[in-house]
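Asks: The chain contents come next:
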Amino acid sequence: MAEMDYSKIPKEKFELIGHQDAAESEKIAAPSLTFFQDSWRRLKKNKAAVISLVILGLITLIAFGAIWLSPKDPTKQNVQFANLPPKIPGISVDGFNGTTLVRGQRVDKYEQVGVPEDVYFILGTDSLGRDLLSRIFMGTRASLIIAFVAAILDLSFGVTYGLISGMKGGRVDSIMQRILEVLSGIPNLVVMILFLTIFKPGILTIILAMAVTGWITMARIVRAQTLKIKDQEYVLAATTLGQSQISIALKHILPNISSVVIVQMMFSIPTAIFFEAFLSFIGLGLTPPNASLGMLLSEGYKLFRFLPHLMWAPAIVLSVIMICFNLLADGMRDAFDPKMKD
Amino acid sequence: MVADKTQEKIILDVENLKQYFNEGQRDEVRAVDGISFQIFEGETFGLVGESGCGKSTTGRSIIRLYHPTAGKIEFDGEDVSKIKRRADMEHFRRDVQMIYQDPYASLNPRMKVRDIIAEGIDIHHLATDVDDRNQQVNDLLELVGLDRSHGTRYPHEFSGGQRQRIGIARALAMQPKFIICDEPISALDVSIQAQVVNLLMELQQKKKLTYLFIAHDLSMVKYISDRIGVMYYGKLVEVGKSEEIYNFGVHPYTESLLSAIPLPDPEHERTRRRIVYKPAVNDGAERELREISEGHFVYCSEEEVPVFQKKLADKKAQTEKVEV
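Same order as they appear, the protein sequences are chains A and B.
Following this note's numbering, the numbering of the first sequence begins with 234 at its first residue and continues without gaps.
Following this note's numbering, the numbering of the second sequence begins with 290 at its first residue and continues without gaps.
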């Protein structure tokens, strides 16, 4: 092939493509998202977590809305209407139409005890004639309050303790950690029983008992994260800029461990609900006429063979709450994890 | 660039600085073991050495991130370790700033660029109101070659070079006199390194800054520095003007470092032999930095001074011969 003289090609034949000036190339096109906006975007992709969030929202709304809009008074006893099976208006399926089997015969209990035509107990009544649905609303409310307050106490104690321990380091850290180890050696149940010897059983006692030992895990996690972050160069930079230790803890460390803290809190809520249910079940929890899910379960299981709905209903509610919290916490953990970028 | 030394004002005087960790315990680490050097106002002092030889520790001791085990650090005629009063400390924090190694770790990922840069302004109340603060931040962004619209962005949206420039802007916000650059380019792509180094040099001209430039890349250090200190195992082994060290480094460790620099010349690369440094056995002689020619110090014993002087003269003679 003959050599070409490239210098003779006229300049106009060239067209400049793909050139950008410096200012143009420094522009960022993507919308600016804060960390939480970004996490929310990722959480929305997780269907299970979103559904859990919606269900939990509904449950919370109903449980607290029932203070004003309870179908019936949850504490009003009506011995005449005791142990009624569920009766839902417009449904004639056995088990939900107010009938029950007595010696192989299907009997309409409502007719038997003379309940007026227009009165329905959607989930039946307990052995004192209290409306189960209203009691479940009341119980869910109590369980949620205990769980949230316990979680918030966990959060405030645990985060403060962990931050101080991690930031101070050295001897202070060692001593604070030994204290934690001693505390974590005391079983929860023993603390609870000791509390009951001093205080009256009730929501406050349960919350206090859980607060005494519940924050330990949180404190440990926060301390570990603080130790990890405090050697990051942006913390060193803040130090060289003259930032005080407290401001560094609040402005630099806390925001960067917030995701871990939130996830830990989300996991501690179902644990608290479960612990409360367990305490109430063994009779160390709330006292009647108050209700919690654990109490309803413990009342229900005594009559399980004859009136199974008394246990089924609170058991299902408890399970749904537990599953939803766990799924949501799981989803949040993934959403907060920057390595899950997609 | 360095004029007559007698006219230069010493801005930083490090004397016999020692920084030990876990002192007195079995796992004691002597990160910095008695080093002395001076930095003159307006110059760039390069500190080179292999990983873990104590370069960064030196920088961090100077800026008081660590408390030195022994020795004296004088900045602007004031002993840094003796600063007690809050106002003096604030003053020192403003005068001395640091640029960090890892642009991905040195910016808080949860803060907007504007707040990162303005952190120092907020701490030291350098802005009169919000408008003034924003104005200062915008000016700084433009000074380091970023767009003012970048202020509302988060660090993860930027490239390594851009982040490093944000770090530089943060340091400059304090209007410092002296900046410690702790390997500011080693985490960057080679194509970006020049960008950042040129920015640093440009800023030095504009703002009359003094740099302590820490790096492990001798060729880059030679490019930016007026004088170079070579560190090995917590000790300074050779200090001198950058041209002199680069061309006539006489300490065996400096020679070893120089022999490791690749040149974009296949001819040269094919024949390049790496000199492996064998530390001299401890013969009990007292070694310290001694001047072998004007402004050229080598870590050696009294008896070794003539040996190194001869070596230096030989090297210079050899180069002249080649040039002739």
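If you're looking for bench data, these hints aren't it; they were derived computationally from the structure.
Please note that the accuracy of each hint is not assured.
[Said to hold, decoys possible] Under the rule of at most 20 Å between Cα atoms (straight-line distance), these lysine to aspartate or glutamate pairs were calculated in the DMTMM-like manner:
| # | chain 1 | residue 1 | chain 2 | residue 2 |
| --- | --- | --- | --- | --- |
| 1 | A | 463 | B | 421 |
| 2 | A | 484 | B | 404 |
| 3 | B | 401 | A | 271 |
Asks: Hint by hint, note whether the structure agrees.
Replies: Cross-check of the supplied hints:
{"no.": "1", "hint": "A:463 to B:421", "in the structure": "violated (31 Å)"}
{"no.": "2", "hint": "A:484 to B:404", "in the structure": "holds (11 Å)"}
{"no.": "3", "hint": "B:401 to A:271", "in the structure": "holds (14 Å)"}
Going through the hint list in order, the structure does not satisfy hint 1, though it satisfies all others.
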